[in-house]
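Throw the hints in and build the complete structure from the sequences for me.
Chains as they are written, first to last, in our numbering: chain A, 1 to 325; chain B, 1 to 325.
If you're looking for bench data, these hints aren't it; they were derived computationally from the structure. It is possible that some hints are incorrect.
[Said to hold, decoys possible] Computed spacing ranges between beta-carbons, pair by pair:
id: 1; chain 1: A; residue 1: 325; chain 2: B; residue 2: 308; range: 49 to 57 angstroms
id: 2; chain 1: A; residue 1: 228; chain 2: B; residue 2: 29; range: 40 to 48 angstroms
id: 3; chain 1: A; residue 1: 325; chain 2: B; residue 2: 140; range: 47 to 55 angstroms
These figures come from a predicted structure and were not determined experimentally. Where is the CB? At the ideal position from N, CA and C, for every residue including glycine.
There are 2 protein chains.
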Amino acid sequence: MKTVRCLVLLAAVGLGATAQADPLPSWADTEARTRIIDFVTRVTDPGSPDYVTPSARVAVFDNDGTLWSERPVYFQFLFAVDRLQEMAADDPTILDSDVLRAAARGDMKAVVAAGEQGLLEILKVTHAGMTVAAFQQEVSDWIAGATHPETGLAYSAMVFQPMLELLRYLRDEDFSTYIVSGGGLHFMRAVTETLYDIPPENVIGSAGETRYVVVDGVPRLMKDPAIAFIDDKEGKPVGIDAKIGRRPIFAAGNSDGDFAMLEYTMSGDGLRFAMLVHHTDAEREFAYDRNSHVGRLGRGLDEGPGRGWLVVDMATDWEQVWPDP
Amino acid sequence: MKTVRCLVLLAAVGLGATAQADPLPSWADTEARTRIIDFVTRVTDPGSPDYVTPSARVAVFDNDGTLWSERPVYFQFLFAVDRLQEMAADDPTILDSDVLRAAARGDMKAVVAAGEQGLLEILKVTHAGMTVAAFQQEVSDWIAGATHPETGLAYSAMVFQPMLELLRYLRDEDFSTYIVSGGGLHFMRAVTETLYDIPPENVIGSAGETRYVVVDGVPRLMKDPAIAFIDDKEGKPVGIDAKIGRRPIFAAGNSDGDFAMLEYTMSGDGLRFAMLVHHTDAEREFAYDRNSHVGRLGRGLDEGPGRGWLVVDMATDWEQVWPDP
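What follows is the structure, encoded as structure tokens:
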């Protein structure tokens with residue numbers, strides 16, 4: 001049965017005008033790869049009962065832990081700490097709370113202990129009070145020079161090669177690929193075009209309030225400290241509705257923060273696909289799930305397979321994790 | 001000088017592979033038409049110093065009064081009143097305020113007197129407490145059957161033919177066309193694909209809060225009464241940043257509610273275009289500007305021309321207003 005399907009698949013791929021010889025070279029020859037290619041083939045073949053018109057081929061991807069690594073903490077947070085330290089060097093009086101002082105001296109344990117509230121406090125100081133353009137320039141400059149505290153790699157070298165291939169494969173098959181992440185909208189936009197070839201209009205994320213002001217005749221978009229939207233958990237389908245207005249047919253995530261997005265994606269009519277990246281590879285990347293303080297994955301492991309979601313085992317389903325240097 | 005430019009223009013248009021013989025047949029042979037074609041030609045000609053790469057060819061359009069009529073009041077408001085009357089027929093107790101009772105008996109004068117607050121009250125009753133999908137179905141059903149109180153026309157027959165041609169012309173020249181309107185996001189999405197060939201992901205509008213809930217295992221997006229975002233005045237550049245993340249190079253509006261959007265568009269580098277539709281044609285459509293309660297246009301008329309913005313005189317620049325029946 002499996003062999004027959006593979007042969008049919010190979011024939012279909014071989015016949016497709018835009019299909020490549022091997023669209024997913026970094027994926028091992030396992031069921032994960034087969035299921036992805038099977039899905040894409042079925043929704044893109046005009047003769048298939050599962051055919052989906054290109055405008056409805058919407059694919060959504062979480063970012064942290066799904067498209068790039070997220071340990072020891074979200075990279076945006078490492079940016080925030082670097083930026084806080086830089087700002088405090090100029091003006092130490094900005095460190096007016098315990099969590100800010102802890103972050104500035106690099107005491108991540110204390111910062112993590114302060115929870116979401118502490119995190120927001122750091123974001124408010126480091127992600128507001130400047131124009132959107134200036135902020136995005138800061139992020140671009142940072143990512144061009146900063147290195148990861150554990151691997152010593154550039155952050156841009158810690159994207160997942162198999163996911164880059166998957167993004168490209170879907171776009172080659174006329175999917176629109178979107179990022180739908182709890183990460184900051186402006187932070188992500190500063191890097192997503194370079195890292196993933198995803199343009200700013202296809203990025204959905206958390207955001208602070210933005211204010212339009214005209215100073216000396218020059219219009220500016222200013223970043224304010226108040227939170228406007230949190231694109232996580234139940235916020236993800238809401239963000240998808242607000243910005244896309246169509247239910248995706250493909251969703252990829254790696255944590256329970258993506259559960260609602262995958263659930264929403266899968267509940268529409270017709271053939272749909274949901275996948276969770278399971279971080280099982282302590283040797284090549286990191287291994288964590290239920291008890292992690294970032295990217296916690298419990299409910300997805302418990303319920304995902306029963307709901308027909310693919311759980312990608314990073315250690316066995318991926319030939320390679322990060323791109324070649 | 002003008003003749004020379006026109007000849008160059010005609011040559012350029014004639015040579016363009018995707019250009020049509022006459023992209024704007026409903027536009028009179030006036031300066032307005034010439035300026036639009038001149039702009040498009042210059043930003044799309046790879047040999048031009050003003051060339052803009054396709055991904056940056058972002059064009060934004062207000063909706064009410066720019067793409068379709070807006071008198072005597074915004075069509076969405078006429079929908080809301082129709083819906084309120086229908087709801088009150090089932091359950092008269094929903095009419096628990098003066099403005100709701102006034103709206104239900106069709107006393108538009110009293111509703112207008114209640115100002116923005118009264119309007120919001122009516123929207124909250126008629127635009128919340130149901131799923132996004134059910135609401136959009138209501139709007140689709142309404143627009144398929146309702147007629148305008150003064151013209152007796154279907155609302156879909158009161159779109160502006162010259163603007164339909166402009167939208168198509170820009171898209172043929174690889175522009176992305178977006179609606180950026182004070183109108184409701186979900187209301188507009190129910191009609192914009194049919195009316196303007198603009199897909200849901202290219203619609204930016206005002207929105208209430210949306211909530212993701214799972215009822216009996218079925219995910220739903222519910223419309224809540226609280227306001228999440230008002231996409232008007234200074235909110236328009238903010239909405240553009242939130243959803244597109246690029247500064248447009250072309251913006252069209254018709255009221256001072258569009259001023260900030262046009263100002264923001266024009267303040268970037270390179271060649272840019274802003275236009276205001278001036279409602280000067282009481283015979284074929286409506287004539288109003290400074291003293292209108294909808295689509296008030298004063299500052300735009302005063303400052304627009306000095307800023308290089310095109311003010312389209314509907315009576316003389318358009319051969320035709322609404323499409324042929």
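Going down the list of hints, with the structure as the test:
no.	hint	verdict
1	A:325 - B:308: 49 to 57 angstroms	holds, 50 angstroms
2	A:228 - B:29: 40 to 48 angstroms	holds, 47 angstroms
3	A:325 - B:140: 47 to 55 angstroms	holds, 54 angstroms
Violated hints for the displayed structure: none, as all numbered hints are satisfied.
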